[in-house]
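Listed below are the residues making up each chain.
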Amino acid sequence: MVRICGWIIGLLALLAPICVSAQPARPHSILVLDQSDLRGPFHYQLWSGLRGVLDARAGVRVTIYGENLDLPRFGGAAYTESLKRHLKEKYRDRPIDVIVAIGRGMLEHTLSWRAELWPDTPVVFAMLDESDLAKLERQTEVTGVILDNSLARAIKAARAVVPDLDTVALVGDAWERQALFSHWSEEIPVATSGLNVIDIIGQKMSDIRKRVAELPERSAIIYTGVFSDGEGTFYPAATAFGLIAETANRPIVVGAEPLLAMGGIGGYVLLATEIGTEAAKIALRILNGERAGDIPPVSGGVKPLFSWPQMQRWNVSESSLPEGSEIRFRDQTFLERYRWQSMAVVAALLLQAGLITFLLHERHLRRDAEVESRNRMSELAHVNRNATAGELSSSIAHELNQPLGSILTNAETAELILKSENPDLKEVREILADIKRDDQRAGEVIRRLRAFLKRTPFETREIDLNEIMNEAFKFLSVQASGRNVALYLQTAPGELRINGDPIQLQQVILNLVVNSMDAMSTIPYGRTVIGRTELNGGSAVEISISDSGPGIPSDKLSQVFDPFFTTKDQGMGIGLSIARSIILAHKGNIWAENQTGGGATFHFTLPLAA
Amino acid sequence: MRLPGHVHVVDDDASFRTAIERRLKLAGYQVATYPSAQQLLDSLPDDSEPGCILLDVHIPGLSGPELQGRLNELGLTLPIVFLTGHADTPTTVRTIKAGAEDFLTKPVESEQLLGAIERALARHATVRDERSRLGEVRALAAELTPRERQVFGLVVRGKLNKQIAHDLGTTERTIKAHRHQVMEKMKTRSLAELVTLAERLGMLD
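Sequence lines, in order, name chains Y and V.
With my numbering applied, the first sequence corresponds to residues 1 to 610, in that order.
With my numbering applied, the second sequence corresponds to residues 1001 to 1205, in that order.
These are calculated hints, taken from the structure and not from any lab test.
Computed from a predicted structure; not experimentally measured.
It is possible that some hints are incorrect.
Taking lysine-lysine and the DSBU-like style, the derived pairs with C-alpha atoms no more than 35 angstroms apart in a straight line are [unchecked claim]: (1) Y:Lys281 with Y:Lys156; (2) Y:Lys474 with V:Lys1176; (3) V:Lys1176 with V:Lys1162; (4) V:Lys1097 with V:Lys1185; (5) Y:Lys426 with V:Lys1025; (6) Y:Lys135 with Y:Lys281; (7) Y:Lys419 with V:Lys1185; (8) V:Lys1162 with V:Lys1187; (9) Y:Lys204 with Y:Lys303; (10) V:Lys1162 with V:Lys1185; (11) Y:Lys436 with V:Lys1025; (12) Y:Lys156 with Y:Lys303; (13) Y:Lys204 with Y:Lys135; (14) V:Lys1159 with V:Lys1187; (15) V:Lys1025 with Y:Lys474.
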């Protein structure tokens, strides 16, 4: 009877893919039997791994039933018998396609119940140690995920964490109560050879906390699992571990991923999500029609994982960890945390820096060009001054001959006095003083002339424009009377302080006046040049030079300052253009206009010194 | 021995005025200095005394050549020696044409300067002498009667007594008497002398 049923179910199983494709609406059911308590994070991760795979399977609806039987805390034949009855009643009308059994204890129970409750239903186990698998009675339609979960690897992890390890402390509930690590008890002699072993297995919580606080140097704790305080209080796994980690004075090697966050340093830990995922994949293959017996058990779900904060605490270097180790909770650096933002900021900064560099370069070039142009202007101005000095040689001669005349006359007088019989030495002394003074005067003329003719860079200082104007006009007076030109100067009262290059500004005035005198050379009489200085508002000075010449043709008014523009037969056309360059370099303006009564007027303005 | 005289120095350069004053005083001249042309015009010097003007060309206000023009208009006979820091040809020509005694350039050696001043003073002396002699002649001529003046005018034009008598409608004897009177009054002894005086009086123009 059972055999016939088995065949029928086997046939059904074979036909399952066909049925699925023919009737996609028919739901599949998976029953997940978990030996653990459902409240811990471990359980949650396992479930999410399972669900992740099953839900991703489009087109087939899978119903997942779950049972948490809490075997570590409850046991005994009566309990398991009642569980069997309970499950039998509960799932009487719910056909189960695949059973997923999590934990060795669970698998054992499942297999013993299968014949009665779910005959021939394939079983997928998870969290089963390889050695446990070997011990299981060979049964059909059983496969699953095998954990390579050995004490030897826990010791390997401990050695990685404490390089000069000589002692391990084993902490956990009594081995027979352990769901995952019970087989370690048999591995102890081999795995711990050469090490001292401190056995803290199956102790009361208070004792455990005390003992882990006084472990020797060069030791590590190997934690399996504590679920009760040994005095009747049961804990969720994480809570118990937290209590122990709180007092431990040595690093704790753990076997479950969630404990890393609670103070475990790491080790070969079970990855619940991965175990769930692998188990679900196998279950799906079975739902898709494969026979469980044809699917060999797969290994997985264990990985060397370590906690960065604990590594820091115990001064463990990354290089000493086993190959393939993953480090969790590593402090993210600022750059890791704000990667894109940082890159954007850096890019912006680089762009900005580039732009600034470019602009600075441009500014530098512009500066150079300005300096160059100013130098050129100064050179041209120098050439122009030389030419002007040639034109004004009569003025220069006059300025110089004046003191020289006095000196010669005085010297001859003194000579005569000294030749006389009774020389008046007092007068000779006076004469000598006069000679000295006149000599200095002549020297001053030469000095001024040299300054005027010297090639000097553009250099401004605070000066009185009235004084500059007075000097220039005095200097021009000889020239003017020689050319029969009446020269008048009207200056604004007081001083007109401006920042300027005195030589170059004098040059502007000389150029404008000489230009005016040249313009009047064709008129027979009434040649007049009037210079004027006046305040223009509160911030500028205006200087004007007017003549009584024929004026400037109105269509040429804007051109007179252009280089090489001239109306004179022998003009070079640089005097006025230099005047403009100089005034512009002084941040001033220059323009020309015709007077209504005839004659031209040249104006320029300069900003007053602050 | 130099001629005594009064030198009027017009120059805006105080230092030069002092130097030239010293030198000229040492040479024995009387010196008056003026910092501007206007000041000389304000206290116009007496040209009846021997003197000359030493004048700078470039002086503020009224210039040297302009002062020269004004003095010519006023009929002042003081000769002018120009002295300038820079001599340009147009100005030199203009002033010489207008009667300047000399045109010197600073710096000037005393020799040259004193020479020019001496020549100027000499010329002034001549001018003054001429002027005083003319005054004397005019005074003599004023003593002549109208008839004698008529005879004087005709005699110096070379007319014979007979022709004059015919012209004036009188006798040759009367003319001879008038002619004698003229010679007497004009203090001349020969016809040639009389002609010279007539020329000076401007009777032959």
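Check each numbered hint against the structure and report the violated ones by number, ascending.
2, 4 and 7
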